[in-house]
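**Student:** Chains as they are written, first to last, in this note's numbering: chain C, 1496 to 1741; chain W, 68 to 473.
Please keep in mind that the hints were generated in silico from the structure rather than gathered at the bench.
Model, not experiment: these values are computed from the prediction.
Among these hints, one or two may not hold up.
Here are the simulated DMTMM-like cross-link-like pairs (lysine to aspartate or glutamate), alpha carbons at most 25 Å apart as the crow flies [to be verified]:
#1 W:75 <-> C:1587
#2 W:174 <-> W:164
#3 W:162 <-> W:215
#4 C:1676 <-> C:1620
#5 W:75 <-> C:1599
#6 W:75 <-> C:1620
#7 W:174 <-> C:1599
#8 W:145 <-> W:132
#9 C:1513 <-> W:384
#10 W:171 <-> C:1606
#11 W:75 <-> C:1613
Label-pair restraints from in silico Cβ distances [to be verified]:
#12 C:1553 <-> W:461: 17 to 23 Å
#13 W:392 <-> C:1732: 52 to 58 Å
#14 W:449 <-> C:1553: 49 to 55 Å
#15 W:382 <-> C:1607: 34 to 40 Å
#16 C:1553 <-> W:415: 54 to 60 Å
#17 W:421 <-> C:1568: 16 to 22 Å
We put the CB at the ideal spot given by N, CA and C, even for glycine.
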Amino acid sequence: MSETEEVVRARGVKKSFKNRVALSGLDLSVRQGQLYGLVGPNGAGKTTLIRILCGLLRPDAGEAVVLGWRVPNFRIRSQIGYMPQEVALYPDLTVMQNLAFFAELYDLPREQLKERAEELLALVELSDRRGQRVGTLSGGMQRRASLAASLLHKPRLLFLDEPSVGVDPRLRRSLWEHFLKLAAQDVALVVTTHLMEEAARCHVVGFLNQGRLFAEGSPEQLLRKTGVASLEEAFTRLEEESKVRT
Amino acid sequence: MKTWTVAKHVLFRIGQDPRTLILIVLTPLLFVLLYGYSFSSGRPTHLKVAVVNEDSGLASVRTAELGRITLTLSLGAKLVQSLDRELFDVVLHDKPDKIQEEVKAGKYWAGLVLPKSFSHALANEALRERGPQKTTYQGRSVELLPPETAEGALATLYLDDSNPVVTSWVALSLNEALTRLVAEQQATPTLKDPLDVHALYGGQVSALDYTAPGVIGFAMTLITIMLTVISIVRERASGTLTRTLVAPVRPWEVSLGYTLAFALVSLLQLGELFLVSHLLFHIRFAGSPLLVLLIVFVYAIGLQGIATLLSTIARNEFQAMQFILVLLIPSIMISGVFWPIDAMPTNIRLLAWCSPLTYANSALREVMLRGRGISGVALELGVLAGFALLMLLLGVRSMRRQGYSA
């Protein structure tokens, strides 16, 4: 994998909000075609990290380079996709109207929009809901529509903040299959989750807590290193070890 | 340029939402209708006043030729008759000792007591003021002479002065009636009008005309700021703003898109406000409509800047409303909309000159009431443009930070 391009490189990234430290000197490396799982409890700093990498937040210290540009940088915008934790769609507009607006922001030509939208709606199984207002969809459907909006412009690097919350197990499986398919097409994906069964499907998993990445590796590596049966146990074990070290 | 994409999107969403659409179209209408109908007459009507007329109608006057003669003048009755029946509901009363009490109890706005000697006192007072007057008495020409002593108060007025507006109308109108009565008494030429008045605008500017530009400006301020702040706060809370700011769109394009969309909405509302107030209440509109449009457009852009700033500070819609109230209510009070800035204490006046509404109001008045051209409102337009530019820059800066705080 070392010959592939490094699409995300973070070194010593720190970020605090008022009196709370969100990231305390974090290093991260994500390569092209990688499905990278960020795993950690609530408040571990996952969302802050993603926001910095998207260019929404400026780090207090350290640097983050995304697609070859130190962020925040406008040039990466058209090549990254971001699915926030919130639904982040206009509830008063239909699924299609939402997609059309964001497509226009990404300069997607009108002729391509229809084709692309149909393709994505089929993927998230919302083809028959394209004319329905987002506000009237169920929670899970809203998240799926949100995912479709993030994929419209075929980003090279995709940040997905808890993509499978509220999505039923069957569809979750098909979404993750799609993520792997994207990765096979050389798209890099950074996915946050707190579900270990999802983490197990990632190429690389980073364990995050209290603003620090305390362990990183493929799921197999992490299991082997700790000699436990599940990633859950591995997380606990490695976290304890890192505490002893510091 | 994504500005237009954003603006189009904002306008499209407004068009999609019947409630917002109704708010945009009906609020200005309601404003104008309520305001226009409540203030269009500009004066109160049917104020209940009680009059006790005990006047004997007789006046004893000195003459050069015949000594004292007695004239029958019935001035009390004439006064009662000449009272403005639109302004006053006159109730004839016969208990002068009760009247003060009843005015105090709120039964009447005023109680006028004309004593027995009313005609006598008024006639002599008039002579004292003007000097000897010639008239005919029983077929003979006589000269009426002024009295040797002053007659004192002619009548007693009990006035409920708890409402200054009503008080001034009552006092003014009664005084007018008395003056007229005195003037009519003598056929001889009286004093010419002491002031030679030239009304520059033909006396055509009513109180409604005077306040209308400010009220229209205020209505616009309130509605556009509320709409903008709430929609931006909502976009931030729902995450759509974050999604937009991650896309290849510059913060200034987003900010400008919003500004453009809501400035267009403001213009629409303005057109409605003017049309309705012109058609229904015949608001004076002396100047160029295009100039008015320009003033309002520049002002609206400044408002959008304020709105964007407010939306950064406000965490939610509730806080946004609080900021709007704290900012807007004082601004309408000090901007000279109802009360002339020249009549304010100096320190408040300084504050007034800091409020953009002051300039918008002043410029609109100059154009609408006086018919001034662009050079006549250059100062106001300049200040408004500077303000708009500053607010726009600050708004863009805050938009850049919007994504963070979501």
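**Student:** Each hint should be assessed against the structure and marked as holding or not.
**Tutor:** To see whether the hints hold, each was checked on the structure:
no.	hint	verdict
1	W:75 <-> C:1587	holds (15 Å)
2	W:174 <-> W:164	holds (15 Å)
3	W:162 <-> W:215	violated (32 Å)
4	C:1676 <-> C:1620	holds (17 Å)
5	W:75 <-> C:1599	holds (11 Å)
6	W:75 <-> C:1620	violated (29 Å)
7	W:174 <-> C:1599	violated (70 Å)
8	W:145 <-> W:132	violated (28 Å)
9	C:1513 <-> W:384	holds (23 Å)
10	W:171 <-> C:1606	violated (80 Å)
11	W:75 <-> C:1613	holds (24 Å)
12	C:1553 <-> W:461: 17 to 23 Å	holds (19 Å)
13	W:392 <-> C:1732: 52 to 58 Å	holds (56 Å)
14	W:449 <-> C:1553: 49 to 55 Å	violated (37 Å)
15	W:382 <-> C:1607: 34 to 40 Å	holds (39 Å)
16	C:1553 <-> W:415: 54 to 60 Å	violated (42 Å)
17	W:421 <-> C:1568: 16 to 22 Å	violated (39 Å)
In terms of the numbered hints stated before, the structure departs from hints 3, 6, 7, 8, 10, 14, 16 and 17, listed from lowest to highest.
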